[in-house]
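Got chain G; can you put chain Y on it based on the hints?
Number of protein chains: 2
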Amino acid sequence: MTSPEPQAVDTDVVVVGAGYAGLTAAARLVDAGVDVVVLEAAERVGGRALSEVLPSGARVDHGGQWIGPTQRRFHDLAARFGCRTFPTWEVGKHVEVWHDGACVDYLGAGRPTGPGVAEYRRVTALLDDLAATVDLERPWTTPRFAEFDALSAQDFFRATTRDQDAIRRLALAVQGVWCAEPREISFFHVLFYVASAGGYEQLMETGGCAQDSRFAGGADAVARALAASLDGSIRLGEPVRTIRRTAGGVEVATGRSVVRARRAVVTVPPAALGRITFEPELPPARRGWARCSPMGRVAKVHAVYDAPFWRETGYSGIATLYGTSPVGVVFDNSPEDASLGVLVAFVYGDRLDGWADSSQPVRRHDVLAALAGVAGPQAWEPLDYVEKVWPREHWTIGGYECFVTPGGWTAYGEDGWRAPTGPVHWAGAETASVWNGYIDGAISSGDRAATEVIGALKARTG
Amino acid sequence: MTSPEPQAVDTDVVVVGAGYAGLTAAARLVDAGVDVVVLEAAERVGGRALSEVLPSGARVDHGGQWIGPTQRRFHDLAARFGCRTFPTWEVGKHVEVWHDGACVDYLGAGRPTGPGVAEYRRVTALLDDLAATVDLERPWTTPRFAEFDALSAQDFFRATTRDQDAIRRLALAVQGVWCAEPREISFFHVLFYVASAGGYEQLMETGGCAQDSRFAGGADAVARALAASLDGSIRLGEPVRTIRRTAGGVEVATGRSVVRARRAVVTVPPAALGRITFEPELPPARRGWARCSPMGRVAKVHAVYDAPFWRETGYSGIATLYGTSPVGVVFDNSPEDASLGVLVAFVYGDRLDGWADSSQPVRRHDVLAALAGVAGPQAWEPLDYVEKVWPREHWTIGGYECFVTPGGWTAYGEDGWRAPTGPVHWAGAETASVWNGYIDGAISSGDRAATEVIGALKARTG
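Just so you know, the protein sequences line up as chains G and Y, in that order.
Heads up: the first sequence begins at 1 in the working numbering, then just goes up one per residue.
Heads up: the second sequence begins at 463 in the working numbering, then just goes up one per residue.
The following block holds chain G by itself, in its conformation from the complex (with noise of 0.2 Å):
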């Protein structure tokens, strides 16, 4: 029963986390002059970003994995370790498969037809008004925000059309965004969401938004550079247990290492901020918070092919499904050379749970019976097939990122969402104001972080 006596450690600031956040944060630091620990509990740097050669030797992102031109920091950091990007494949015709089984396939990200897309539009439209409004610095001094923050999207939805197929329309948009479904999700979360990534349309769409392009080396190419260039303060396979606030400011424990330090930056999802023990406990606004902002439930499923087959027959293989399969949305993501045929599938929200629960060969048949559907027969023999299943991953437990339930931010967001925690900063996806949930948001929350402490450190100096 005896276990090597934890080592001590001692530094300036303790990071915990080795996503985009704590990775900026920790960068920015060290630009800074400042000494800096950073406790990672996965073996790996990158946190929801993750990529992998499989042995067909494609390479795919089970997690984030576009980028847009919208999203600066991302593509400033891109930039300075010199990581190319590509345009997202959206050439051909998408398949939509409604939910009684008719297919719209339409060209592009022009969708002149099918059912409920005019009221769809209109409720769309009335949601960037909305968003307009909010202070994203700020939300809690938006107008109605208490009122739009008591109801869910769904009771938003229903409150607005009675147009079922826009209301399908609507839900799988909250699938494919927050991978939730909109009963489980605050209608004022959803506008500050939407007026975060600055616009509706940013959310949804390939070209020239959020799905843009895509990174050569994986999209997390990027943390792994800025991880070199930390070299040395990073500790793997560190998964933090407890955090002391001290006298001198923090005691970090994990089960090989005590990190004290003067101020610690936390990047931790609050939905996983369980797994730490706070002494003293969490302030209540903090873990109402936490309480507040349960993960989205997410699988992406990759299958690959020896070519793009579906570009030979016209189709772009790009689809959405509203019907009972488990698969939401397919994108082609097949390397920029088209070497080989690569589609992900999108397994969200409530379809996730019974699919998660099958058995591997019903798991398998059913998203490739979904992509032979959108793609053809060719589909069903992949030279590979993986699945990533991120509420199975146990220190994400989810993905893409935190939502916030009807109330949340009413009742917690102005003393829980970031506000530090005396010698404990928030960052994180979750903390963002600009393309909050994102990677941009992520490293912005990183550098904001950073700015935080450095501001506290040369205020007790000085």
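Take these hints with a grain of salt, some might be off.
With the Cβ distance kept under 7 Å, some of the chain Y side facing chain G (calculated, not the full set) [unchecked claim]:
id, residue
1, F548
2, V836
3, P839
Computed Cβ-Cβ distance ranges for the label pairs, DEER-style [stated by the list, open to error]:
id, chain 1, residue 1, chain 2, residue 2, range
4, Y, G736, G, D306, 44 to 50 Å
5, G, T113, Y, P549, 39 to 45 Å
6, G, P69, Y, E798, 54 to 60 Å
7, G, A338, Y, E774, 49 to 55 Å
8, Y, G576, G, T113, 39 to 45 Å
9, Y, G816, G, H394, 31 to 37 Å
10, G, T113, Y, R583, 46 to 52 Å
11, Y, G736, G, R158, 46 to 52 Å
12, Y, E798, G, R168, 55 to 61 Å
Covered by chain Y, according to a simulated footprint, are these stretches of chain G (three or more residues, beta-carbon under 8 Å) [claimed, not checked]:
id, segment
13, 19-30
14, 344-353
15, 374-382
Just so you know, these hints were derived from the structure itself, not from any lab.
The beta carbon of each residue, even a glycine, is placed where N, CA and C say it ideally should be.
Leaving out everything else, chain Y in the frame of chain G:
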């Protein structure tokens, strides 16, 4: 509360049912100079053969649709009325969707590889060996009759192989032939049926076998022609309520008529006999046989396209699906000149239950998903989509035919299968020795029953 007095009709023989069995019996009797009245519950003739011209112009067979080269009686009857047949389309790659989503494309009937195929072939060769011992006229005299009849097909498969993949193949074969599950069906009945068809391959394959050819004018065209030749003796829309034995023979009552005859030929499937009241009630063996003869559960779903587009990419349109889809088998049911493309999906056995209980949009979605998965995304947009759920048909209550449950043959076969009950003679595909369950068997059963009746009438006269 007054209703018109039933019309009294006197004739030599009353035939109940205007499917192939009843029409054949009636025609044979008329040819022999016997006066006949045919009572048919539906407003049409043909029974479980039923074709329809859809809005697209495609003629589809909702019921029985094929004819094979060894089905001589059906061939002779079709030839008599000049009903033209053409080969079932089977050119190109067949698709086999395995339970885990793995797909095998194979050419024609040659299926060289695939999980469990070798063991499946070993078991089916054993079926053929055992079937060769069956006495088709007096099945209860077959060696090991009671032993095999005590087993379900599932019992036999499990005792014969441990190869789960082979068992999956056998289970789909049972669904495909009997529209039932292996646990439900007597293993002796399987052997009897294999023998009745002339071998296992005859049941399963296309060219040269039971699925060899289709009718240009629908598989009910022969029945319609035969009915036209019986002009005047068929009364449609007259479901039989009561069959009463009288001193002179039988008295058969519908809501509109009472037909008095010396003999009756009843072609109603055993599972539907409960719809008729017999006075005195049927003997225990016939009632027991009916109880042990449930009707298979099947739906046929047709989707019509402007062309058989799957042929352009080298696919035959023939597919077998072992996964979670409700669809088990798909065939190319296009017209001979390929002026339209038609796919037919079979949903049977346990697969039918959940599917049939779903809403129409879900049913449609799930069938089109299967078709798109084996033919390509164009399959999502049929010109016509039409379902025939046979268990919902009031008078036929299922399809293709009644099978026999374990122990049924032993307990009731000798006295209950087709032995006449006083003046009532039994016909229908279920009573045939050759091609039992098929249109060819229905025809021969009508012939046999007519022979019985003619003999009985002569005996009484003579």
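Results of checking the hints against the structure:
{"no.": "1", "hint": "F548", "verdict": "25 Å, violated"}
{"no.": "2", "hint": "V836", "verdict": "5 Å, holds"}
{"no.": "3", "hint": "P839", "verdict": "5 Å, holds"}
{"no.": "4", "hint": "G736(Y) with D306(G): 44 to 50 Å", "verdict": "58 Å, violated"}
{"no.": "5", "hint": "T113(G) with P549(Y): 39 to 45 Å", "verdict": "40 Å, holds"}
{"no.": "6", "hint": "P69(G) with E798(Y): 54 to 60 Å", "verdict": "56 Å, holds"}
{"no.": "7", "hint": "A338(G) with E774(Y): 49 to 55 Å", "verdict": "22 Å, violated"}
{"no.": "8", "hint": "G576(Y) with T113(G): 39 to 45 Å", "verdict": "42 Å, holds"}
{"no.": "9", "hint": "G816(Y) with H394(G): 31 to 37 Å", "verdict": "35 Å, holds"}
{"no.": "10", "hint": "T113(G) with R583(Y): 46 to 52 Å", "verdict": "51 Å, holds"}
{"no.": "11", "hint": "G736(Y) with R158(G): 46 to 52 Å", "verdict": "48 Å, holds"}
{"no.": "12", "hint": "E798(Y) with R168(G): 55 to 61 Å", "verdict": "41 Å, violated"}
{"no.": "13", "hint": "19-30", "verdict": "violated (count 0)"}
{"no.": "14", "hint": "344-353", "verdict": "violated (count 0)"}
{"no.": "15", "hint": "374-382", "verdict": "holds (count 7)"}
Consistency note: the structure conflicts with the earlier hints numbered 1, 4, 7, 12, 13 and 14.
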